[in-house]
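Protein chains: 4
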Amino acid sequence: MAGNTIGKLFKLTTYGESHGKAIGGIIDGCPSGLTLDFDAIQDELNRRKPGQSKIVTQRKEPDSVEFYSGIFEGVTTGTPIGFVIHNTNQKSKDYSHIKDVYRPSHADYTYEKKYGVRDYRGGGRSSARETASRVVAGAIAKQMLASIEINAFTSSVGDIFIDKPYQDLDFSKTESNIIRCPDEATAEKMIAKVEEIKKQGDTIGGTITCVIKNVPVGLGEPVFDKLHAELGKAMLSINAVKGFEYGSGFCGAKMKGSEHNDLFNKDGTTKTNLSGGIQGGISNGMDIYFRVAFKPVATVIQKQDALNSAGEIVEMQGKGRHDPCVVPRAVPIVEAMAALVIADYMLLRRQETNK
Amino acid sequence: MAGNTIGKLFKLTTYGESHGKAIGGIIDGCPSGLTLDFDAIQDELNRRKPGQSKIVTQRKEPDSVEFYSGIFEGVTTGTPIGFVIHNTNQKSKDYSHIKDVYRPSHADYTYEKKYGVRDYRGGGRSSARETASRVVAGAIAKQMLASIEINAFTSSVGDIFIDKPYQDLDFSKTESNIIRCPDEATAEKMIAKVEEIKKQGDTIGGTITCVIKNVPVGLGEPVFDKLHAELGKAMLSINAVKGFEYGSGFCGAKMKGSEHNDLFNKDGTTKTNLSGGIQGGISNGMDIYFRVAFKPVATVIQKQDALNSAGEIVEMQGKGRHDPCVVPRAVPIVEAMAALVIADYMLLRRQETNK
Amino acid sequence: MAGNTIGKLFKLTTYGESHGKAIGGIIDGCPSGLTLDFDAIQDELNRRKPGQSKIVTQRKEPDSVEFYSGIFEGVTTGTPIGFVIHNTNQKSKDYSHIKDVYRPSHADYTYEKKYGVRDYRGGGRSSARETASRVVAGAIAKQMLASIEINAFTSSVGDIFIDKPYQDLDFSKTESNIIRCPDEATAEKMIAKVEEIKKQGDTIGGTITCVIKNVPVGLGEPVFDKLHAELGKAMLSINAVKGFEYGSGFCGAKMKGSEHNDLFNKDGTTKTNLSGGIQGGISNGMDIYFRVAFKPVATVIQKQDALNSAGEIVEMQGKGRHDPCVVPRAVPIVEAMAALVIADYMLLRRQETNK
Amino acid sequence: MAGNTIGKLFKLTTYGESHGKAIGGIIDGCPSGLTLDFDAIQDELNRRKPGQSKIVTQRKEPDSVEFYSGIFEGVTTGTPIGFVIHNTNQKSKDYSHIKDVYRPSHADYTYEKKYGVRDYRGGGRSSARETASRVVAGAIAKQMLASIEINAFTSSVGDIFIDKPYQDLDFSKTESNIIRCPDEATAEKMIAKVEEIKKQGDTIGGTITCVIKNVPVGLGEPVFDKLHAELGKAMLSINAVKGFEYGSGFCGAKMKGSEHNDLFNKDGTTKTNLSGGIQGGISNGMDIYFRVAFKPVATVIQKQDALNSAGEIVEMQGKGRHDPCVVPRAVPIVEAMAALVIADYMLLRRQETNK
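Residue numbers (my numbering), protein chains in the order written: chain A, 1 to 355; chain B, 1 to 355; chain C, 1 to 355; chain D, 1 to 355.
Wrong hints could be hidden among the right ones.
In this list, chains with the same sequence are indistinguishable; a pair is considered to hold if it fits within one copy or across any two.
Taking lysine-lysine and the BS3-like style, the derived pairs with C-alpha atoms no more than 25 Å apart in a straight line are [stated by the list, open to error]:
| hint | residue 1 | residue 2 |
| --- | --- | --- |
| 1 | K266 | K213 |
| 2 | K355 | K8 |
| 3 | K193 | K173 |
| 4 | K256 | K54 |
| 5 | K54 | K189 |
| 6 | K271 | K113 |
Source of the hints: derived by calculation from the structure; they are not laboratory data.
With these hints in hand, go ahead and build the complete structure from the sequences.
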């Protein structure tokens with residue numbers, strides 16, 4: 001398996017299975033001289049961790065990160081930052097019931113066919129547990145990007161969505177409710193919806209919107225590494241993501257050019273921002289915003305047919321500690337991935353001109 | 001500018017500006033021993049080229065490709081394939097009117113701010129002319145993937161869309177009309193729509209759907225280089241693309257897990273395919289399908305305000321040879337990018353197991 | 001700092017400072033299905049570790065490796081292999097005497113000037129302690145390359161060298177003496193030399209020769225990634241290395257073509273092997289052999305002038321636990337780096353032809 | 001074939017066979033705003049081209065480069081620079097005599113075994129003709145590095161060598177003689193030697209030394225991408241190179257630490273420079289110098305046994321237009337590769353610290 005690294009200059013490589021000894025990663029390329037706020041890193045992990053509210057999985061994992069290298073007296077040294085999150089929940093659970101079974105719409109079947117072998121415990125490498133490492137690295141990237149604001153929030157759960165433009169939202173309220181929706185009335189409906197779904201033993205999808213403010217003009221490397229292409233890839237690499245759109249997105253495909261064009265102000269800003277802050281693959285200084293679609297979690301607490309390695313259809317039933325809706329815990333993951341991409345492109349931008 | 005290469009093993013690097021001497025590229029990593037069908041390559045270029053029908057730009061560019069290396073007696077040798085498409089249309093046109101002007105929703109402003117200098121003639125590097133090189137490389141990738149079928153088609157123009165599942169379409173009809181929509185009744189409506197928009201001097205967006213059949217199980221490199229993440233990046237790197245979704249996509253975000261899960265048949269195929277042929281980032285052997293959103297072309301034949309380098313708002317008007325809708329010409333580009341990604345992952349797959 | 005990764009498909013990324021909490025790495029791209037011999041891995045670490053004989057540093061470090069991921073029931077799963085070696089020797093030693101001092105011919109000065117900050121404890125990232133991670137990964141690569149023999153040995157210490165062609169040596173004797181020279185008479189002289197140098201509080205350089213047998217024809221990726229170019233880079237990346245030559249090497253530069261050409265046998269082997277098993281950057285099936293030059297260790301137990309951060313020349317003296325000659329402990333490092341390169345190129349070779 | 005790209009940020013990808021239509025390349029990552037001196041680029045090509053003197057091959061190739069992109073009004077735009085050198089010498093020569101023959105110590109055998117097919121005309125991709133593309137890119141890199149001096153020269157031919165330290169040489173004299181040795185008395189001997197060898201129909205090896213002055217402190221990316229490791233790889237990727245050493249090199253392996261250490265001056269410079277300007281993989285501001293060993297050209301104008309594809313030994317004889325000694329024409333190639341590496345590391349250095 002190649003594919004465990006993201007970034008060209010600010011690079012994160014991760015390792016680890018859901019129920020192995022530990023997960024972790026290496027950040028290679030973090031500039032030296034950055035004084036780290038370790039509490040802020042842990043805060044981001046806490047936003048992602050299981051058991052944080054009644055509408056997420058009730059598994060208990062402290063998810064505390066330990067740094068092994070790259071930091072001296074609290075400051076990054078420019079050398080690779082090795083970190084680890086020990087798996088405390090890797091109890092001697094009996095997994096024999098899923099050992100030879102491929103759960104529907106999970107990665108069990110594809111991993112086994114690809115690699116000929118798999119660590120079936122809790123989904124192994126395909127578990128979203130891996131994203132904790134991304135959150136650690138993203139938290140460091142955020143600190144490097146002190147002047148840039150990255151705000152993700154739950155914009156829909158099932159068919160309940162915020163029907164306001166993001167400009168009318170107060171992002172400081174995102175963390176004030178357990179679904180992470182800054183619009184309080186909508187948040188209440190969303191929470192009720194998730195609780196209802198949970199009672200049914202079912203799961204539900206949703207979308208997350210992310211807004212990035214104060215990005216300087218000039219981030220992005222045409223033609224293949226356009227800024228939104230890399231943001232899209234980063235988001236699509238998150239477990240359960242099925243779609244990505246930025247700026248006008250799929251709505252833009254219905255519009256006319258005369259409606260869609262963003263006319264300039266004299267200072268280079270634009271009167272509208274259907275471009276989503278990126279033109280020709282390069283940031284133009286306006287807000288970058290995009291939307292990410294998450295499918296419903298595949299593990300449902302209902303009986304379902306599965307396939308076993310003998311080619312038989314067998315009945316199975318999920319256990320009780322999965323997320324009825326992945327979206328609230330995915331908000332910090334979306335922010336982390338956005339931070340990693342922006343940090344990488346901030347470094348890439350440094351050599352664009354001759355000096 | 002880094003960013004002009006796509007692929008890890010089957011790698012394409014492109015160069016060239018819209019009105020420079022030539023555009024072209026290098027394919028590094030094409031396996032040796034592939035007998036090339038040069039007519040088929042030119043056919044793909046012809047599907048993309050200007051002037052092919054009344055609903056696309058009437059510019060005349062023959063777009064004939066010349067190969068400089070990597071092929072001996074019609075067979076790939078494993079060495080890099082250098083190719084070129086000479087720009088015959090680079091006439092001594094007077095571009096002074098756009099020299100100091102940034103057109104709205106083009107890349108003029110961002111290129112100039114990023115690089116401090118730009119080739120303003122016809123959009124320079126940001127012109128979709130660059131995609132001709134992608135089509136050349138994609139045509140070779142398609143030939144390498146002889147057993148895999150890649151079919152893209154226009155699925156919507158403005159608010160006119162095919163209201164059938166792709167399984168009910170006959171892809172052999174895609175090329176039978178100038179909008180490249182395999183559903184003939186819808187095609188007629190789309191064409192009428194584009195003609196109407198063209199008369200208005202306006203432009204309109206649309207979507208392209210792509211279906212990839214006969215992909216073996218096992219393509220994809222978790223966790224960051226999931227197959228759909230790389231497909232998404234490849235599509236988002238195409239000019240004017242604003243969104244990407246695969247399988248259930250944004251609709252999936254509204255669904256419940258009990259509805260969304262794809263139950264297995266005994267042979268490992270699935271009864272439904274909301275997964276879109278990819279689970280955990282790895283192909284599962286079912287059809288891969290995805291949808292790409294294109295915004296309306298920014299150049300409209302109407303007066304618009306633009307910004308000049310002196311910080312003044314000036315009125316400008318597009319000239320008469322631009323595409324009213326980019327979608328029909330983008331169909332072969334979507335296929336080319338899909339072929340490049342699949343070819344790359346077919347090679348990557350070769351070393352996943354110990355042997 | 002970028003630069004902590006080696007390999008294109010079989011990739012090792014390392015982290016860790018000499019006196020930090022731990023060193024370690026991630027191997028991304030190891031094929032699945034490889035049953036690991038953990039004792040063999042530890043054996044390689046033991047060949048490198050301090051304190052193993054009277055002629056190496058007497059520091060005590062157990063150097064035991066712990067695997068965190070990528071292995072399930074003793075078999076590689078294709079997912080990234082995360083591993084760690086905890087630093088047990090990171091005692092609360094007082095390093096204040098070197099905090100502001102740049103030792104001559106160490107990396108103290110360059111690290112501080114480059115990064116503006118450094119972990120001065122024991123050389124930090126520039127310490128050869130980092131190579132323990134390489135030995136772990138190299139040991140796994142060796143197991144993947146079961147049919148290929150990689151034998152490195154000490155070929156000279158100061159001006160004492162083996163004056164026989166490698167074909168006359170019995171590599172099974174390399175480990176029978178503490179200098180790792182398979183020629184016993186020469187080994188004795190070398191050991192005496194190192195002991196003499198050690199008594200003087202001085203250090204001495206040496207060379208290591210490495211012979212790789214049973215390499216299949218076809219490894220190497222021209223033009224920039226020729227097999228010997230990557231081997232050379234890998235060796236030059238080892239601490240204290242000043243030179244690399246393969247086949248006829250620098251002697252070849254004195255020869256005539258009529259003497260130097262390796263004439264063929266009918267089976268494609270060659271009568272001589274001045275090419276060193278590589279022609280045009282690609283292995284030809286003959287033995288690959290190369291020689292690596294190591295400078296004397298910079299830390300001498302004699303008084304020396306050093307520079308401090310105030311721009312003053314200060315006298316300093318090395319402490320008593322450094323290697324008088326780095327070569328015996330570097331033998332397994334050279335083998336590890338060779339194994340990493342060969343493993344990577346074995347995987348790269350899998351996609352050279354169309355199939 | 002992967003492997004046709006060098007560089008991480010300042011990237012060169014080349015293509016082309018000796019007797020194909022053209023050779024060329026793409027430079028991706030050259031910063032914008034660099035005003036190019038095209039005559040200086042052609043001058044470098046002229047230093048490399050055949051037929052320039054009586055002691056090199058008498059083939060006639062004008063080797064004039066044409067730029068297709070990336071430059072506007074003489075200034076780099078930051079977009080990829082595509083360039084081509086058309087092969088004017090690709091006459092309809094009859095190559096049937098070497099079609100099925102593997103010449104000794106050439107790459108014929110290895111290419112055919114690796115790829116199953118090869119362009120046998122004039123060595124195809126394995127021909128040193130490919131290095132013309134490197135010289136073009138290196139010439140641009142040199143212009144980017146205006147304040148850095150890169151001087152290579154012939155330091156030995158066979159057993160004739162300059163017996164002075166490089167500090168005693170006047171590099172302005174390198175181009176004053178056809179062997180490119182700045183020591184005139186030695187140059188005469190070298191030229192006489194090559195002429196003698198040429199009369200014998202034989203070839204001879206040699207070494208090139210390269211000195212890089214005014215390199216700022218801080219270039220180099222530990223641990224695997226140390227500056228000298230990348231320089232070594234770049235040099236080893238040149239056709240016919242068998243060895244690389246920098247600073248004290250192989251001599252350093254015979255020395256004692258007390259002799260070898262470079263003591264500091266108060267300003268951070270060192271009294272000696274056995275380190276060769278690089279410590280811990282990072283430049284320290286002193287002169288970087290290294291030496292490269294070239295084997296004798298394999299094509300001799302004498303009868304030799306070769307192998308054919310039927311497994312028979314056949315007699316063959318080289319034709320009369322090959323180089324008796326590759327070294328004089330390789331001097332600009334060594335400089336070009338050095339410039340490419342230094343340019344890349346100058347860009348990499350821009351993001352090492354947080355700012």
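Tested hints:
| no. | hint | result |
| --- | --- | --- |
| 1 | K266 - K213 | within (20 Å within a copy, 47 Å between copies) |
| 2 | K355 - K8 | both (21 Å within a copy, 18 Å between copies) |
| 3 | K193 - K173 | within (20 Å within a copy, 44 Å between copies) |
| 4 | K256 - K54 | between (45 Å within a copy, 19 Å between copies) |
| 5 | K54 - K189 | within (15 Å within a copy, 51 Å between copies) |
| 6 | K271 - K113 | between (52 Å within a copy, 19 Å between copies) |
Consistency with the previously given hints is maintained throughout, with no hint failing.
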